[in-house]
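*Asks:* Each chain, letter by letter, is given below.
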Amino acid sequence: MAKRVAIVATGQTEHAANRWDATGGELIGEAVRRALEDGGLRREDIDGVIVGNMDHFEGINGVEHWSIDANGGLLKPVLKLTTGGTTGSTLAVAGYHLVASGLFERLLVVGWEKNSESDTTGAITTAFDPVWDRLVFAGAVSGLAVEASVYMRRFGVTEKDAARAAVRDRRHALNNPHAHLRKEISVSHVLDSPMLADPIKALDMCPRSDGACAVVYASEDAAEKICPRPAWILATATRHLYSYLGDVQLYPLKSLEAASGEAYRKAGIREPRKEIDVMELYTPYSFANLSWMEALGLAGPGQAARLIWDGATDMGGELPVNPSGGVLSTNPIGATGLIRAAECALQIMGRAGARQVPDVQVALSTGFGGCMWSDLLIYGRHKPA
Amino acid sequence: MADINRLNRRDVLVFASGGAFQPYRYSVGRAGSRFLTELRDHGRFLGLRCPGCGRVYVPPRPVCGPCYRKMEEWAEVGPLGTLTAFTVLRFAFIDPETGLKKPVPYGYGFIRLDGADTDLQHFLRIDPKRPPKIGMRLRPVFEKERCGRLSDIRHFEREDTP
Amino acid sequence: MERVAVIGVAQTVFEARKEAETYADLVYEVADQALKDAGMDISELGNIVTASNDFLDGRTISSMAVGDAAGAAFGGGLNISTVEGDGAFAAFYGLSRILSGGYSTTLVTAHSKSSEGNPLLISNACFDPVYERALGLDFISAAALQARVYMERRGLSERDLAEVVRLNRAKGVLNPHAQVRREISISEVLASKPLAPPIRELDAGPLSDGAAAVILAGEDFARRRCSNPVWIEGVSLCADARMTDRQLWESAALRKAAQAAYGMAGIANPSDEIDVAEIYAAFSYQEPLWLEELGLGAMDKSRVNPSGGCLCAHALVSAGLVRVIEAVLQLRGKAANPAPEPRRALAHAQSGICGQSHCVWILGKN
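Protein chains in written order, with this note's numbering: chain U, 1 to 385; chain B, 1 to 162; chain D, 1 to 366.
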């Protein structure tokens, strides 16, 4: 019989542009140690470890083995997962399945990246096809810029609308001691920042960070012994729809539309805007905070800007989004999707500190990456039936 | 001995891998080879049509993802097309193909060749007097010497460029 | 554990260089064949787990290249994930996605084309950049260190290891998927070019281009749809310390993985209860080493690697999944070189330098 599964402990490093004080292994160790301490667990209590990052950002092949001393997996089952930007959310989904299977009772899940060790845009460019894509492709920014160009053209959405969405995330980050960028910005700061790829300016775009995140998953047999109010996993869904960037339908984000449809159905959610209390979205640039809300069914086509200007997604609003400051404030790529999961778990546990949304019953996190792919998880305060 | 937790940034070493790189010989595949050969020898564009949904794929590949059917029927597309999305790249980054900084700015376009159902990505020539617009008509400009790579097309430009 | 079966298998022919195909082409070939082997239409498929290695494929997120080919875009899109490591490890994750109640079936694919990159440089990237890489360590020179230590410990000669090669190559002649299908003599092995002493060219499995796929199914689906399901009786994996931090003549990780898998399958005396074993031995010395740690040291050699093993085709990332496939074919009675009436088979896979991780599968007919 499949087991119900919860997140019972989390640990994050301090994220920064350059964690010059730590090697990749030490970053992993820092997150793992904090997660174990958070759950009052020892390494011996863990049945297995899964690790994820993107190989070419540090240039290390087989990091699960290279980091064995740090990741806690010595003489335990260890798996490595990699799906690009979705790596962290792929890890979060894998943690669920591996524990639900009954094969593991307490599983440690670790995502990390030390982006300062290479040229991130160059490394992301090698994600795309050597024959067809690499000639013109320029990493995440170029792909997202064309998406934004289509969204703006279709609905008359402005760069100012997007700037407001960036301001929200950066303001939220002030409440998060782990966040990489903790400086408030204004709409005019965003609009005046250097143009990277039209219409994306520097402050529309996520940073690249060094950091790691570790999360402990437990089955229903162990969860409440470790954490009195664990975050139960209600649903997961994944859509890695495209292999070629030129195939992508640029609005709406099909992968997120399909993944959220599946996850809402699995979790029995009919009105996401009313039934979900908080979201941690992998929105790597400001425009995603608009158009992807529409893919999630939270606003009609072209209507998301209204939601943002009204403050509905601010702290204290109807549906706070990215209380952690989101990806625009912190982005150690292989950890980024897992940080979303950890932040949702903290919200459910009621342990999110200054960034806590009151009385969270249901939370949702997403992952984004690859060729406009999406992963999605829904978490609940109550053990699922 | 200094406590390692009190090291200053200037005391911490960085080990640079220098010019180390991994060389590859990527197979283009049968479908892609036909496409690039046609382009090189005749300046013609070919797509593959799905027997299920009828969509024409450029660049061609053997399987239609959504139908999961093998594709074998060639269809000539282009050479003219429509701009479906674009940006202008303005920041410098290391081009993994050359190891050098990519020259910027450059126009980056998604081009829907006439008769195709997917987009080809390529350089977009920017005319400063007439900025690009989604929906504008484009034509390819070929290199004189062609060698069977996508860069045999220099860029796409407005169809009515004098 | 709820019962899960292998209901479909496929592998390409393994070759030194498949010039005409991309690795996505290879994945489509095996995914399509595995579905046919299972008698399934893709519309019945629950989910997908692919295996790949970004360094080998020369691409960050190389899983992206094979998504369409594996079926990720089918219909409104199927749930998919990717394990970096051998396909047998990906199959372990694929199994968990059935046991979790998430899906009734999982397609698992694995691919590699070593011919496109430089496997020595690629495996050099497994070593620590600060302390180890400049020494020129790669998967062959590291294996040579392990081979030397193991040979000294067990008093094995180069001739003993050449005999391992001779036996595997003789079996591989019968395997239509093998890359090398020619019998060789002990003296040919001993006369072959030294790569990194004591490892000679013929002590090393020939690196191959190719792909493999399996379809796993939960009990309901398997019983309803499959006339010859092969049941998973036990499976486990375990990771060891880095090669500099452990004794190379043994493998605590393999012992642990084997004990766990045997425990799940209720096996007390592996050499009596396992009828055929497919072992991922990338080099001749690895076969006796891994067999010893599996408790199968005394197993009759006719029951070990009847496919010819990795000494006849060594496709990185796929090779472990191929061991699972060959074990399934044995139990179906469809192997090219059948062991006598096998009821239970073991498939072994490794990942990392000098077998840092191991994965053990116990498969049965009942």
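None of these hints come from the bench; they were simulated from the model.
Because the structure is a prediction, the values reported are computed rather than measured.
Be a bit skeptical, because a hint or two may be false.
[What the hints assert, rightly or not] Pairs of lysine-lysine, DSS-like flavour, derived with a Cα cap of 30 Å:
#, chain 1, residue 1, chain 2, residue 2
1, D, K365, D, K301
2, B, K101, B, K144
3, U, K266, U, K160
4, B, K70, D, K193
5, D, K365, D, K334
6, U, K225, U, K183
7, B, K101, B, K70
8, B, K70, B, K102
9, U, K160, B, K144
10, D, K301, B, K70
11, B, K70, U, K160
12, U, K383, U, K160
*Asks:* Sort out whether K301/D lies within 30 Å of K365/D, counting only the CA atoms.
*Replies:* The given pair, whose Cα atoms are some 22 Å apart, holds under the 30 Å limit.
*Asks:* Just to be careful, I want the Cα atoms of K301/D and K70/B compared with a cutoff of 30 Å; is the pair within it?
*Replies:* violated, 43 Å
*Asks:* Are the Cα positions of K70/B and K193/D separated by 30 Å at most?
*Replies:* violated, 44 Å
*Asks:* Starting from K101/B, check that the Cα of K70/B is at most 30 Å away, please.
*Replies:* Violated - the C-alpha atoms of K70/B and K101/B are around 39 Å apart, more than 30 Å.
*Asks:* For the pair supplied as a hint, K70/B and K102/B, confirm whether the alpha-carbon distance does not exceed 30 Å.
*Replies:* The given pair, whose Cα atoms are some 37 Å apart, is violated under the 30 Å limit.
*Asks:* Has the given pair, K101/B with K144/B, been kept, meaning a C-alpha gap of at most 30 Å?
*Replies:* holds, 25 Å
*Asks:* Holds or violated: K225/U with K183/U, Cα cutoff 30 Å?
*Replies:* Roughly 39 Å between the alpha carbons, so the hint for K225/U and K183/U is violated.
*Asks:* Hinted pair, alpha-carbon criterion (30 Å max): K266/U, K160/U. Please report holds or violated.
*Replies:* violated, 36 Å
*Asks:* Take a quick look at whether K383/U and K160/U sit within 30 Å of each other, Cα to Cα.
*Replies:* Violated: K383/U and K160/U sit about 42 Å apart, past 30 Å.
*Asks:* Checking one constraint from the list: CA of K70/B to CA of K160/U, max 30 Å. Satisfied?
*Replies:* violated, 46 Å
*Asks:* CA of K365/D to CA of K334/D, is that 30 Å or under?
*Replies:* Holds - the C-alpha atoms of K334/D and K365/D are around 13 Å apart, at most 30 Å.
*Asks:* Taking 30 Å as the top limit, are the C-alpha atoms of K160/U and K144/B close enough?
*Replies:* violated, 44 Å
Going down the numbered hints, you'll see the structure goes against 3, 4, 6, 7, 8, 9, 10, 11 and 12, while the others check out.
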